[in-house]
Amino acid sequence: GENVEQHPSTLSVQEGDSAVIKCTYSDSASNYFPWYKQELGKRPQLIIDIRSNVGEKKDQRIAVTLNKTAKHFSLHITETQPEDSAVYFCAAAQNTGNQFYFGTGTSLTVIP
Amino acid sequence: GAVVSQHPSWVICKSGTSVKIECRSLDFQATTMFWYRQFPKQSLMLMATSNEGSKATYEQGVEKDKFLINHASLTLSTLTVTSAHPEDSSFYICSARGTSGSTDTQYFGPGTRLTVL
Chain A
-3 GENVEQHPST
7 LSVQEGDSAV
17 IKCTYSDSAS
27 NYFPWYKQEL
37 GKRPQLIIDI
47 RSNVGEKKDQ
57 RIAVTLNKTA
67 KHFSLHITET
77 QPEDSAVYFC
87 AAAQNTGNQF
97 YFGTGTSLTV
107 IP
Chain B
-6 GAVVSQHPSW
4 VICKSGTSVK
14 IECRSLDFQA
24 TTMFWYRQFP
34 KQSLMLMATS
44 NEGSKATYEQ
54 GVEKDKFLIN
64 HASLTLSTLT
74 VTSAHPEDSS
84 FYICSARGTS
94 GSTDTQYFGP
104 GTRLTVL
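Chains as they are written, first to last, in our numbering: chain A, -3 to 108; chain B, -6 to 110.
Worth double-checking, as some hints may not be accurate.
[Claimed, not checked] Here are a few chain B residues that sit away from chain A, every Cβ distance over 10 Å (derived from the structure):
#1 K48
#2 K57
#3 F84
[Claimed, not checked] Taking lysine-lysine pairs in the DSS-like style, the calculated list, with each CA pair at most 27 Å apart, reads:
#4 K38/A <-> K18/A
#5 K38/A <-> K53/A
#6 K53/A <-> K59/B
#7 K33/A <-> K48/B
#8 K38/A <-> K64/A
#9 K59/B <-> K34/B
#10 K48/B <-> K18/A
#11 K67/A <-> K18/A
#12 K34/B <-> K38/A
#13 K33/A <-> K54/A
#14 K59/B <-> K38/A
#15 K64/A <-> K53/A
#16 K7/B <-> K59/B
#17 K67/A <-> K34/B
#18 K13/B <-> K48/B
#19 K53/A <-> K33/A
#20 K38/A <-> K13/B
#21 K64/A <-> K18/A
By construction, these hints were calculated from the structure, which means they are not laboratory data.
Idealized CB from N, CA, C, for every residue including glycine.
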């Protein structure tokens, strides 16, 4: 089965700085990679996703890059704000509608 | 947008009792739903895939006789934790597969917090 690893487990940055979270996956058949933000006790919220036919995708302050050969993908948040503080999960799946395999999560703290 | 609800949002029960959690897609039909479990400060672990009208597919290590899944309609899947014990205390989240435009995607429910005393 798929195995997704995520680093770092915790990350603290000063407001305005950038944050980078990295994930690796094991199954070359995975072709869909969403990123979720989860606040304490709440459901995961999709913030950005990327498919294997694309190397990079950007949405305002958030960007995701994918290296299929190396089987890793990364989340980049620029100009961080305190409201970006949350736990972020990466996931991998074979197509968008199939089961997701999540990384272990990164707790991001943005210090004002 | 697509909405998925779960009921109850929080349940406390005594050890040995059974608890049923409902997952509903409110404004779309979901032939497939997924059940995840999340322990405090840990990731979401896929438990099983629930397909309408057929038996659920369980992930390795998940006891199918303990976690009964029923997907009787296109808008409802239920997870029953049988003979619950304190170690079953967790946050249970479902997701439903729906269509956004021409693409399948998953919509997550708000989760159910189970506490077994």
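Now for the hints, and whether the structure bears them out:
no.	hint	result
1	K48	15 Å, holds
2	K57	16 Å, holds
3	F84	8 Å, violated
4	K38/A <-> K18/A	23 Å, holds
5	K38/A <-> K53/A	26 Å, holds
6	K53/A <-> K59/B	42 Å, violated
7	K33/A <-> K48/B	31 Å, violated
8	K38/A <-> K64/A	31 Å, violated
9	K59/B <-> K34/B	24 Å, holds
10	K48/B <-> K18/A	36 Å, violated
11	K67/A <-> K18/A	11 Å, holds
12	K34/B <-> K38/A	13 Å, holds
13	K33/A <-> K54/A	16 Å, holds
14	K59/B <-> K38/A	25 Å, holds
15	K64/A <-> K53/A	14 Å, holds
16	K7/B <-> K59/B	16 Å, holds
17	K67/A <-> K34/B	26 Å, holds
18	K13/B <-> K48/B	17 Å, holds
19	K53/A <-> K33/A	17 Å, holds
20	K38/A <-> K13/B	20 Å, holds
21	K64/A <-> K18/A	14 Å, holds
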